[in-house]
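Using the sequences and the accompanying hints, generate a full structural model.
Chains L and A supply the protein sequences, listed in that same order.
Heads up: the first sequence begins at 18 in my numbering, then just goes up one per residue.
Heads up: the second sequence begins at 32 in my numbering, then just goes up one per residue.
Hints in this document: simulated from the structure, not taken from any laboratory.
The reader is advised that the hints may include incorrect statements.
[Claimed, not checked] The following residues of chain A were derived to be distant from chain L, with all beta-carbon distances above 10 Å:
#, residue
1, TRP34
2, GLN138
3, GLY378
[To be verified] Taking beta-carbon pairs under 10 Å as the criterion, some of the chain L residues facing chain A (in silico):
#, residue
4, ALA96
5, ALA107
6, ALA109
7, ALA159
C-beta: ideal position from N, C-alpha, C; glycine also.
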Amino acid sequence: MTNATAAVEARGLGKRYGRRWALAGCTLTIPAGQVTGLVGPNGAGKTTLISLATGMLAPTTGTVEVLGGAPASGAGQLARVGYVAQGTPAYAGLSVADHLRLGARLNPRWDAGLARRRIEELGLDLRQKAGKLSGGQRAQLALTLALAKRPELLILDEPIASLDPVARREFLQVLMNAVAEQELSVVMSSHQVADLERVADYLIVLVGSRVRVEGGVEHLLATHHLLTGPRREAASLPASQQVITESHAGRQSTFLVRSSEPVIDPAWTAEEISLEDLVLAYMGPAATGSPGIRTLEARP
Amino acid sequence: MIWLTWRQFRPQAAVAAIALAVVAIVAAATGPGIAAAYTSSGLPDCHASCGTDASNFIAGLNRLDLLLYLGSFLLMYLAPALMGIFWGAPLIAREVETGTHRVAWNQSVTRTRWILVKLGLVGLAAMATAGLLSLMVSWWAGPINHAASLSSGQISGLVPRLDAPVFDARGVVPLGYAAFAFALGVTAGVLLRRTLPAMAVTLVAFAVIQLLVPNLVRPHLLPPAHLTAPVDSPIGVNVNAGTGQESIQLARPFAKPGAWVLSDVITTPSGAQLPNVTFTPSGVELTVLPGGCSGAFGPGLTGLRACRSVLAAMHLRQSVTWQPASRFWPLQWLETGLYLVLAAGLGWVSVAQLRRRRAA
Chain L
18 MTNATAAVEA RGLGKRYGRR WALAGCTLTI PAGQVTGLVG PNGAGKTTLI SLATGMLAPT
78 TGTVEVLGGA PASGAGQLAR VGYVAQGTPA YAGLSVADHL RLGARLNPRW DAGLARRRIE
138 ELGLDLRQKA GKLSGGQRAQ LALTLALAKR PELLILDEPI ASLDPVARRE FLQVLMNAVA
198 EQELSVVMSS HQVADLERVA DYLIVLVGSR VRVEGGVEHL LATHHLLTGP RREAASLPAS
258 QQVITESHAG RQSTFLVRSS EPVIDPAWTA EEISLEDLVL AYMGPAATGS PGIRTLEARP
Chain A
32 MIWLTWRQFR PQAAVAAIAL AVVAIVAAAT GPGIAAAYTS SGLPDCHASC GTDASNFIAG
92 LNRLDLLLYL GSFLLMYLAP ALMGIFWGAP LIAREVETGT HRVAWNQSVT RTRWILVKLG
152 LVGLAAMATA GLLSLMVSWW AGPINHAASL SSGQISGLVP RLDAPVFDAR GVVPLGYAAF
212 AFALGVTAGV LLRRTLPAMA VTLVAFAVIQ LLVPNLVRPH LLPPAHLTAP VDSPIGVNVN
272 AGTGQESIQL ARPFAKPGAW VLSDVITTPS GAQLPNVTFT PSGVELTVLP GGCSGAFGPG
332 LTGLRACRSV LAAMHLRQSV TWQPASRFWP LQWLETGLYL VLAAGLGWVS VAQLRRRRAA
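Laid out in structure tokens, this is it:
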């Protein structure tokens, strides 16, 4: 994909700390105009990728462009990108009102009305110090700050990882409303697939700095099938069916296959697969021999 | 950005304002008394041989004034260090520690501007605080410093204003120290990224610099004055009544009021320093008598004559190196300039480091 206005475009992107590569040779394109979920196991490089895309880090190798520009390359570029960092930091000694004033002073496109409306909707006390807010409230404050900046792209790094289920649901609700109201591309990383399932249109599974699978959520769900039937080898399946995982128990075999054609073999029971199971299947280590294939040998 | 910097700096600014107010109140309460005593001592109109008047003035000060005078050194030494530790070190390190730099760096303001505004505003505040403190202390202690500089020797342990620690605690140098200590704290914070270690490093590094500069750098900021004179005859002979120890007074004390004496030695023709010499308020004394002088001081002058010819044959010379009292302001400005250049260098390191490494 060579889309000049991609939200994020990484080419051979790498970041090394001493001898350890936190991200190596990462090439990916995150499309604009969608809510993209970036998912992967811990250590896959999600946070490093996001830190590079927001200009918090400088790459060791390769390049990354955000909305066609170098990350954090100037005030104009910074104004186009909103960022909610991991742990949703806020100035503990500053009040909610101070944070809004901070946003107003430091952002030319600041939407004061939007910021005030959101804070009212959330029921936050303007005089409350950010250090005294609950985790959920602080996450909402960070999100408000990023949204009222009126960015073209909003990047969120595990924004709700440490929140309880209620706060998590509320956060995602606010995010979805904002996406509906504002013309906004969103990139959100998480290791909680269930969270992404509620908001993401597009999904990228990142494992070991590499894109294991990517695509529209609907498309991914429509092209993956869980097949259960009498025991047989993966090699005996039709070529159009790419085996992602296989498991065998006694005389029964289960395959997760990717196929753009419908599965019509009557020997099989075909099931829909949940997004979570699909992602988990891709997140496991690849089996030797065929890349992208993972074998689960269940004991009979 | 200015608003945010001010909003974050407000608590520290309040502490500084309170400290300045306390110093102002103490100075206003005790300063006029000292000034009145100074006027009535006749020192303002004294132009020559003012040592006695000066001693009388110092002796007339009360215990509290002398305590405050000593306290002024503590204050002026501590203030820049404290500003380096509590204003400089946390400036960036605390943001990185709490992750708030991720908030700051993702507003529509480049991080170069972010750090320049923070460095500039808080740095100026540190310099202004040190400047105000020095102004008040220098005004308050002015009469005492002046009296101490009038006498060629030391009065009650008070040193002239060109000597450490008075030089370090007066005039414009505290501005330079404050700017430097602040920049040192910021740089330590940027490099270490953690507040407490940065504070410790700032304290240690600043203390080391403050020890090294007065001893190794300040004497050479301006070429010092030299004087070498032959010492060929004893001025007199002293006999310690208790031990019976004899000593020869070789020369009168170096009599330049307010001068900062860097070295004062007796040398032999080969250039070697003569051992067994002590410097007393009454002059330079030789404590171990050369052969021909020892036991020569009986009644009559024959022994003294013999000793005199022995000393003349030794061709001794007294060599003095000093900074004259008139160098106070030139040295003040030079040292302030030096510290400001160092501070600017450290500031540049901080900015370059943040721009280059983009701390995560």
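Hints, one by one, checked against the model:
{"no.": "1", "hint": "TRP34", "result": "violated (5 Å)"}
{"no.": "2", "hint": "GLN138", "result": "violated (4 Å)"}
{"no.": "3", "hint": "GLY378", "result": "holds (21 Å)"}
{"no.": "4", "hint": "ALA96", "result": "holds (4 Å)"}
{"no.": "5", "hint": "ALA107", "result": "holds (7 Å)"}
{"no.": "6", "hint": "ALA109", "result": "holds (7 Å)"}
{"no.": "7", "hint": "ALA159", "result": "holds (7 Å)"}
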